[in-house]
Amino acid sequence: AQSVTQLDSQVPVFEEAPVELRCNYSSSVSVYLFWYVQYPNQGLQLLLKYLSGSTLVKGINGFEAEFNKSQTSFHLRKPSVHISDTAEYFCAVMTGTASKLTFGTGTRLQVTL
Amino acid sequence: DAEITQSPRHKITETGRQVTLACHQTWNHNNMFWYRQDLGHGLRLIHYSYGVQDTNKGEVSDGYSVSRSNTEDLPLTLESAASSQTSVYFCASSVNSYEQYFGPGTRLTVT
Numbered sequence: 001a002q003s004v005t006q007l008d009s010q011v012p013v014f015e016e017a018p019v020e021l022r023c024n025y026s027s028s029v030s031v032y033l034f035w036y037v038q039y040p041n042q043g044l045q046l047l048l049k050y051l052s053g054s055t056l057v058k059g060i061n062g063f064e065a066e067f068n069k070s071q072t073s074f075h076l077r078k079p080s081v082h083i084s085d086t087a088e089y090f091c092a093v094m095t096g097t098a099s100k101l102t103f104g105t106g107t108r109l110q111v112t113l
Numbered sequence: 001d002a003e004i005t006q007s008p009r010h011k012i013t014e015t016g017r018q019v020t021l022a023c024h025q026t027w028n029h030n031n032m033f034w035y036r037q038d039l040g041h042g043l044r045l046i047h048y049s050y051g052v053q054d055t056n057k058g059e060v061s062d063g064y065s066v067s068r069s070n071t072e073d074l075p076l077t078l079e080s081a082a083s084s085q086t087s088v089y090f091c092a093s094s095v096n097s098y099e100q101y102f103g104p105g106t107r108l109t110v111t
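Chains as they are written, first to last, in the numbering used here: chain A, 1 to 113; chain B, 1 to 111.
Note that these hints are calculated values from the structure, not bench results. Be careful, since some hints might not be right.
Said to hold, decoys possible - Here are the computed lysine-lysine pairs in the DSS-like style, where the Cα-Cα straight-line distance is at most 27 Å:
hint, chain 1, residue 1, chain 2, residue 2
1, B, K11, B, K57
2, A, K100, B, K57
3, A, K49, A, K69
4, A, K69, A, K58
5, A, K100, A, K58
6, A, K49, B, K57
Here the structure is a predicted model, which is why all the values come from computation and not from measurement.
Only chain A is shown next, with the shape it has when bound in the complex (with noise of 0.2 Å):
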């Protein structure tokens, strides 16, 4: 079985501060791997995902993550963040037999002036 962690429930920032949020899984098969970002009240949108290639991912809104097989880690980072990146971040994993995504438990992002 697939598992996701997300060592920080919450990580505050200043405006215009580099950032990571941390993401490990667990799985005993070859993964695919997924940040998606939650605004308030809205539903989640995928930032970007690493299927296979080059281990350096770059999504939308200026963000990155990469896949560090040996440490089962596929940590997101941005290097200047904006009020606006203020939302809930979540890490998923999907094994290559099934289309099922296993979520951690998520990480708020709270960036202030």
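Following the hints, put chain B in place on chain A, whose structure we already have.
Chain B in isolation, oriented as in the chain A frame:
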């Protein structure tokens, strides 16, 4: 524009009542999913469908049912609502396995 909609957006019901949450997508996606979102749990899969007449149980399916009579709709039914089913429910759809599109959610309160 194609979209995925959920109705109602908010619902208050009493314990023991049957409740049906609607999900409708206009992308003609084969795959549809229902999740519940609870604080400290993230999103958990309730039921999913890979096409008409196909339904499958997810991680937390007890007390819920779905049916898929056409491509566009996957209604979620709570047979006898319980307070433990107070949650925010999200429907999603996908054409392939790799990107799911989510609806705006339904906030359900069971009193």
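Tested hints:
Taken as a hint, the K11 of chain B and K57 of chain B pair is honoured in the structure, with Cα atoms around 24 Å apart against an allowance of 27 Å. A C-alpha spacing of about 11 Å is found between K100 of chain A and K57 of chain B, which places the hinted pair at or below 27 Å, so the restraint holds. Between K49 of chain A and K69 of chain A the CA atoms are separated by roughly 15 Å; this keeps the pair inside 27 Å, and the hint holds. Between K69 of chain A and K58 of chain A the CA atoms are separated by roughly 17 Å; this keeps the pair inside 27 Å, and the hint holds.
With a C-alpha separation of about 23 Å, the suggested pairing of K100 of chain A with K58 of chain A holds against the 27 Å cut-off. The straight-line distance between the Cα atoms of K49 of chain A and K57 of chain B is roughly 25 Å, inside the 27 Å bound, and the hint therefore holds.
Every hint, counting from the list given before, is met by this structure.
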